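Participant: Okay, here's what each chain looks like letter by letter:
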Amino acid sequence: MERREVLRAMAVLAITPRWLLAQAGQNQSAAPVLPAPVPWTLGLNPRTPLPNTTVADAIAETVPSYFSAAEMATLIRLSDIFMPRGEHPGALEAETPAFLDFLIGHSPAVRGTLYKAGLLWLDAQAKLKCRKPFAEVSEDEAGELIKPWLRTWMTDHPPTQSHADFVNIAHADIRTATTNSKPWLDSLDERSRDGRSQLYWSPIEPDVYAERETSVHTRPSQTMAAPKATHEVRSYPR
Amino acid sequence: MSVQTTEVLIIGSGHSGGMAAKVLTENGIPCLMLNAGPIVDVTRQATKKLPDELPFRGFKPPGKLEHVFQASEFNTNVWVDEAEVPYTFNPAHPYNWVRVRLFGGRSLFWSRQSFRLSDYELKGRSHDGFGQDWPLDHAELSPFYSRVEEIMQVTGALDGPAQMPNGNFILDNDPWSGSMQRFIAAAQPKGIAVCKQRRATGRDGLASSVNLLLPDAERTGKLTSIQNAVVREITVDKHTGQPNGCKFIDRLSHREMEVRARVIVLAAGTLETTRLLLNSGLANSSGVLGHYLCDQIYGAGVVASVPEARNAAEHSKLMGGGAILPRFRNIAEKHPKFLRGYGMNVTSSTGGLGANNFAAYGAELDRKMQEYYGSGFHMSIMGEVLARYENHVRIDRQKTDAWGIPVLHVETQYTENEFNMASDAVDTMSEVCHDAGFEVLASNKTPNPPGYSIHEVGTARMGDDPKTSVLNRWSQSHDHKNLWVVDGAAFVSAGWQNPTMTILALSMRASEHLVDEMKKGNL
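The listed protein sequences correspond, in order, to chains U and E.
Each step along the first sequence adds one to the number in the numbering used here, with nothing skipped, and position 136 is 136.
Quick note: to get the numbering used here, add 238 to the position in the second sequence (first position is 1).
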């Protein structure tokens, strides 16, 4: 036995727990088993195959938790009106309402308020003018309720008028959530699909200790309120 | 180990710090560069992904980077986290402080539009009576601009009027597209010049400090750099009262360290430089440090469509290309509603138009987007924000960043001057579009919040009078002869032009003067 093998054996012996040594004594013929943790990562190399995975949306469904049942029913109908199934999957195939429940539920409060108040208003309008919940309105009825509030607008400057703000922001969100979904992207030809990819930046040497108890770091309060000045510079935090 | 003394300490690695490092080291002066963030390796840290592969389907992660409108889920990790390095402001007057701390700073991601300031900006007070003149003029800066344009490989045409001086360009001789010709014809009667864009092409699509400046410095063997060095304060020799180095904190371990230097060059980016000076209690005998913060108004503009380019028309000669409209207000005549002026970025697009340009949804929207595809014509403002004393930054003693360093409080707002300017820009561009036969689809007169342009300048302005300025005409502190500021903090006014060429020219000029002073033994 070479010297380095002797040393390795001694090292293994030194880190082997007593219970394992006792077991070894009972079964002399069995090969000694190294306890975890072992330096298994030393075996990783560029040829190591990576597991294949899929995005969760392809298999699983979001568990809605933010909007009420009535709000969600309105949002589902609104999503279907704004992005119906056509050449590509629609908002419902993209599970956009459930995604927005997650997204808006985790967004700053001002955005949640915009949605909840907007959905409530839309449902009330449907009951007032169509005598039924918005969830049950026809396409034409929905158009009568929504179209007066549609505006054209430039990036970062959605309408600020009440109701028009909700209608146009919700439309933009529903559209983005749908066209960025797996079903929509899967429906594109390869070239179009490649055109939708962008350079994604991973965290670059993040400070993994930023949240430690001894860190002086404290997070600031969540959201600055939208200003109410003569010239409105409203923000719609996402 | 004893603290070593380096010749020149450069804080910041963007365009201004990179230029200082290049000039100083090429003249034989050893430099130490500190940068608050890590080195970025695009081959290791970035990969192409589809939006459905990201947790938020491409939406900006909720609550993150609220004041960085430019951020998306794809690039969230390149910006400074507002939670990690917070800043404060009056909620009624928000400020969008857009920061990058990676090695190379914002030079990694800038738009590369490359303009000179003219004497309408450098001598603005002499022209209209507002603010202060710079202590130098275009003739003095011109040779430095020319050398910077050579390094940055700026393309353009020699078609600028006096308010947009021509430079040392790779000439753009491409013909105008048909839509641009119609726009030019409609703008001309209004006295609006339409010029070729001026853009730094750099090398391999990048015109950054990390590929055009720092490699030259490193080749000399005289540049040493430390990444993840978050500078807390500039230290002072208790015997001489002069700066003699700095204390910094390692970003990852939070270990505090210090270095010594004969000369300190600040290039941390306008507001970080001023924050450092304020936290160090230096260079403020005038009392104007932190004041005269200015930038440019962005966000106002017009989106139009060229009717003849719709319905999949052949538009290889009709559409395409971009232009810059140099400031045309308050040059020959005085505008009744605002001082100074604005430039416009103009783009004739061959791609699709955004859904928000149509008041429609569902199948009708799809039809509209298909019909209008390739017919977009975009105009967006770059308007000068006046340098006002009351627009300022100061230290907020109640809040610190992740490394315990007091943060900045930003107090600034736009005035009627800026709002009237934005309104005039939209009205004028809409008229030009109408005269050109274009259909205006959407417009916006409300500027984005201050800071959005990422062109924040001022707060340590230069001037001949030490009582009203922080720096002298060479970007050297009036109070401390071995303290220099080579970034945008030195600006006296913002102008309507992207500031990068001027920052680079000023840094080159300051650094060469610093070399002379060191060789003469004056420092």
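There could be a bad hint or two in this list.
[As the list claims (entries may be wrong)] Computed cross-link-like contacts, DSS-like style, restricted to lysine-lysine with a CA-CA straight-line distance of at most 27 Å: (1) E/Lys476 with E/Lys287; (2) E/Lys302 with U/Lys116; (3) E/Lys302 with E/Lys637; (4) E/Lys361 with E/Lys302; (5) E/Lys719 with E/Lys758; (6) U/Lys147 with E/Lys606.
Hints in this document: simulated from the structure, not taken from any laboratory.
Just so you know, these numbers come straight off a predicted model, no measurement behind them.
Participant: Going through the earlier hints one by one, which of them does the structure break, listed in rising order?
Facilitator: 1, 4
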